[in-house]
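Enquirer: Below, each chain spelled out in residue letters.
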Amino acid sequence: DGGITQSPKYLFRKEGQNVTLSCEQNLNHDAMYWYRQDPGQGLRLIYYSQIVNDFQKGDIAEGYSVSREKKESFPLTVTSAQKNPTAFYLCASISPGSYGYTFGSGTRLTVV
Amino acid sequence: GESVGLHLPTLSVQEGDNSIINCAYSNSASDYFIWYKQESGKGPQFIIDIRSNMDKRQGQRVTVLLNKTVKHLSLQIAATQPGDSAVYFCAEMFGNQFYFGTGTSLTVIP
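Going down the list, the sequences are from chains A and B. Okay, so the first sequence: first residue is 1 according to our numbering, each after it adds one. Okay, so the second sequence: first residue is 1 according to our numbering, each after it adds one.
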């Protein structure tokens, strides 16, 4: 089955640590996105990539970094510079002609 | 109804009744709209979409209405079932990017 796989489902981060969230898709979609979801707020765009080896900052990129070395993979690193990282993180992909985003199942990150 | 903000609207309906969820979108130039369903702890799932050249689109048990005059989108769910309990939010596409509403939490009472 084609889809987007996010891992891990739950992640705990200590203060000062960097952590990396995985996002893999086998849909052959060109564009991939990372969103952050907080209670009572709409999805906010962190980073997006429309082609391999290229990515753009979204509305809340500070404290995050990404890479796009392969079409299938778009990992997100939450760095120690992100002061309030506790949130639900969603990865999505889209291709021309598809109906909106296909979303992964999300990673819940908690600072301990 | 739904709007960008800090409060998540809630809607409770009896099983079998119809549900109407509303969304006020922000950009009059948005040309494509989607309704998503998100169950607790899961990623959003596509429900139905509509383009700006339409004012109504029907799917299986769901209907989306678009009123461009007042920038309003609604999702109607017929014969609501317990499995419909979730957060529903709309997305508008403007300039090749989607913008998302905060969502409405739907609870179906058996």
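If you are wondering where the hints come from, they were derived from the structure by calculation, not from laboratory data. A virtual CB, placed ideally from N, CA and C, is assigned to each residue, including glycine. Certain hints may be false.
Claimed, not checked - Simulated coverage check for chain B against chain A, where a stretch passes if three residues somewhere in it have a Cβ under 8 Å from a Cβ of chain A:
{"#": "1", "stretch": "36-43"}
{"#": "2", "stretch": "101-107"}
Stated by the list, open to error - Beta-carbon label-pair distances, calculated as ranges:
{"#": "3", "chain 1": "B", "residue 1": "97", "chain 2": "A", "residue 2": "73", "range": "15 to 25 Å"}
{"#": "4", "chain 1": "B", "residue 1": "52", "chain 2": "A", "residue 2": "40", "range": "43 to 53 Å"}
{"#": "5", "chain 1": "A", "residue 1": "81", "chain 2": "B", "residue 2": "18", "range": "31 to 41 Å"}
Enquirer: Evaluate each hint against the coordinates.
Expert: Hints, one by one, checked against the model:
no., hint, in the structure
1, 36-43, "holds (count 4)"
2, 101-107, "holds (count 3)"
3, B/97 to A/73: 15 to 25 Å, "holds (22 Å)"
4, B/52 to A/40: 43 to 53 Å, "violated (28 Å)"
5, A/81 to B/18: 31 to 41 Å, "violated (48 Å)"
Checked against the numbered hints above, the structure violates hints 4 and 5; every other hint is satisfied.
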